[in-house]
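Number of protein chains: 2
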Amino acid sequence: MGKLWASSRVLTRFSRLCKLSNKTNDSEWAKGMAIEHPYLLFLGDAKDQLAAKTAQGIAHWRPDWCVGQLRLEGCKADLGLRDMTLDEAAEAGARTLVVGVANRGGVISDDWITVLEAAMILGMDLAAGLHNRLADVPVLKAAAEHHGRRLFDVRHPSDSFAVANGRKRSGKRLLAVGTDCSVGKMYTTLAIEKEMQARGMKADFRATGQTGILICGDGVSIDAVVADFISGAVESLTPETDSDHWDIIEGQGSLFHASYAGVSLGLLHGAQADALVLCHEPSRTHMRGLPEYSLPALKDCMDANLAAARLVNPAVRFVGVAVNTAALDEAEAAAYLAGVEEEVGLPCVDPFRHGVAAIVDRLDEV
Amino acid sequence: MGKLWASSRVLTRFSRLCKLSNKTNDSEWAKGMAIEHPYLLFLGDAKDQLAAKTAQGIAHWRPDWCVGQLRLEGCKADLGLRDMTLDEAAEAGARTLVVGVANRGGVISDDWITVLEAAMILGMDLAAGLHNRLADVPVLKAAAEHHGRRLFDVRHPSDSFAVANGRKRSGKRLLAVGTDCSVGKMYTTLAIEKEMQARGMKADFRATGQTGILICGDGVSIDAVVADFISGAVESLTPETDSDHWDIIEGQGSLFHASYAGVSLGLLHGAQADALVLCHEPSRTHMRGLPEYSLPALKDCMDANLAAARLVNPAVRFVGVAVNTAALDEAEAAAYLAGVEEEVGLPCVDPFRHGVAAIVDRLDEV
Chain A
1 MGKLWASSRV LTRFSRLCKL SNKTNDSEWA KGMAIEHPYL LFLGDAKDQL AAKTAQGIAH
61 WRPDWCVGQL RLEGCKADLG LRDMTLDEAA EAGARTLVVG VANRGGVISD DWITVLEAAM
121 ILGMDLAAGL HNRLADVPVL KAAAEHHGRR LFDVRHPSDS FAVANGRKRS GKRLLAVGTD
181 CSVGKMYTTL AIEKEMQARG MKADFRATGQ TGILICGDGV SIDAVVADFI SGAVESLTPE
241 TDSDHWDIIE GQGSLFHASY AGVSLGLLHG AQADALVLCH EPSRTHMRGL PEYSLPALKD
301 CMDANLAAAR LVNPAVRFVG VAVNTAALDE AEAAAYLAGV EEEVGLPCVD PFRHGVAAIV
361 DRLDEV
Chain B
1 MGKLWASSRV LTRFSRLCKL SNKTNDSEWA KGMAIEHPYL LFLGDAKDQL AAKTAQGIAH
61 WRPDWCVGQL RLEGCKADLG LRDMTLDEAA EAGARTLVVG VANRGGVISD DWITVLEAAM
121 ILGMDLAAGL HNRLADVPVL KAAAEHHGRR LFDVRHPSDS FAVANGRKRS GKRLLAVGTD
181 CSVGKMYTTL AIEKEMQARG MKADFRATGQ TGILICGDGV SIDAVVADFI SGAVESLTPE
241 TDSDHWDIIE GQGSLFHASY AGVSLGLLHG AQADALVLCH EPSRTHMRGL PEYSLPALKD
301 CMDANLAAAR LVNPAVRFVG VAVNTAALDE AEAAAYLAGV EEEVGLPCVD PFRHGVAAIV
361 DRLDEV
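In the order they appear, the protein sequences are chains A and B. As numbered in my numbering, residues 1 to 366 make up the first sequence, in order. As numbered in my numbering, residues 1 to 366 make up the second sequence, in order.
Do not take every clue at face value.
Residues from chain A that keep clear of chain B, each with C-beta distances beyond 12 Å, as calculated [claimed, not checked]:
#, residue
1, V107
2, A142
3, K168
4, M196
5, D223
6, T241
7, V344
8, G355
9, A358
20 Å max Cα-Cα, derived DMTMM-like pairs, lysine to aspartate or glutamate [as the list claims (entries may be wrong)]:
#, chain 1, residue 1, chain 2, residue 2
10, A, K194, A, D83
11, B, K53, B, D218
12, B, K168, A, E292
13, B, K299, A, D303
14, A, K168, B, E292
15, B, K202, B, E240
16, A, K299, B, D303
17, A, K76, A, E36
Hint data in this document are derived by calculation from the structure and do not stem from the laboratory. What you are looking at is a predicted structure, and each value in this text was computed from that prediction instead of being measured. Even glycine gets a Cβ: it sits at the ideal position worked out from N, Cα and C.
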């Protein structure tokens, strides 16, 4: 296993860390610093490809940020990147080791800890979107402090946001909203950012969930913010900017999800969106995690989002619908999308199959 | 000052505590235990009557739970209760010293700490709704552990709620919603509980804010819950109950408040209300804290709340409107209430001036 991730140079320096004092050194995430790239993507002992979906998202959307992957013995995931030892990654300029894999049973194993610690010795910061905090592992906390490295626990924002003030901010904002959770809001907004940048438009993706944060190096895990500060956290995530600049804001949840609608509404108000994109997955038989709740009709979902969003921006409008048609064949998908386009009178695309050009075309009118 | 709050018996035992070890002993609030009464209401050095409004609410709604008040030198507030030393309060059976006053500048002063510590020596638990936690003051934490007392920091719930499941629960629920923050939702729901109990109906106030929690000894400070768990926390606050029992749930914020609407929507969904009461304050010129936002029309506010509440209970309906007419004279108030009653076709009362009997009358129809 050692061959895969570290040379003897690291291991001989390892024992020193055990003598470090255990001073307080919280996660750096609270301080609003961006995660530096290039990344080394750590896949650990991922039991299958799905367990490494965070790393896969990063490799897909930020291929030029990723110097390689680091896999432990028994790892069943593969991103198709170059396998690297820590030494090789450090020499290739890796600034941050990103834990892009779910930890089994919520435990950060000793094998992982040794690798993470060694990465810090070699000059890398650590970033993870785990439920457990890296900063809660004493030896990682101590090593980070001793070596001047940073620990980014992106699922755990600090509470130090202001209450939202609702004041009009310069610049333009697009927000993805959904009929349900996990219907492609992150994919859609990243695709819109990419399309806009390719056209030379000023656009930046603004992440509100842990994978999105690791993909763009910054953001707020909005569902982990204290309730009073949901909208305020989004206001701070998308501050005043140039009048021709677009913040492309990742959405979360749904106004029609009985567990999470409060998060979605706070996000909608904080975003002060000029443009909304509705995201949908047509094969769902019920709301995610709620077998007794059916999905809203697209039109009802759009009306409810518009009504709520108008509170902070009366000029808000929908510019398109993004549908994840993975469960449909090509002909079914085309028929479905045409039907929705007819129904709502707006471009309707599958961002994965067809891209989002038709939606971006509409932004000139906003 | 010593005369006001403690005898020498307390002071001679005081120095012992300094030697205690500082083991971890978090606030008891996380463990879902109710605060025991009778209460001794601590007014500290309140600079005016308003600074002690939490204590005033407790004394108003739970007079038989309050053995007396404890005021430090310079205190400008007075609840009209008997002034007591800690010894007298302990002898009168006080189980909990409740900090019913805002602390100046967010600092728990040394004078306060000495009193709070002495109260624990004399057998009392401590409860407070301060921004700062009692449990974060090392000497209070240590004393609580040593003497087996509990610290209730009611503004700071734990994160250990489940995500809402949205399943139908037995029993009936009434929720107060508002056109704005601070328009009388707590007062209205406490008045409804009192009126229902006086009629022999099964009803319990369910607190969602710190003053409400201190008034009823239990509850969840909902705006301090992590965003993902807003609705889940409310579901746990109002679990399944007898089919003829009413939970009377304190509301928070407003769907039309650009800072806090996410909290209000999560609360609305978690409450699964059968009956809603709209609360309003007609003299407001803008939404509280948001000078650029005007108040919604009553009918629009009712429609938006109904639409959102129907997601979890299609049978939900409004049963009345409660207006704080303090800024109007008797004739103006009567005219205003009659106008609203005409407009919405439901009982419209000022709970303080006229009681809530007309609203409770409507509950038979729900």
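Of the numbered hints stated earlier in the document, which are not met by this structure? 3, 5, 10 and 17
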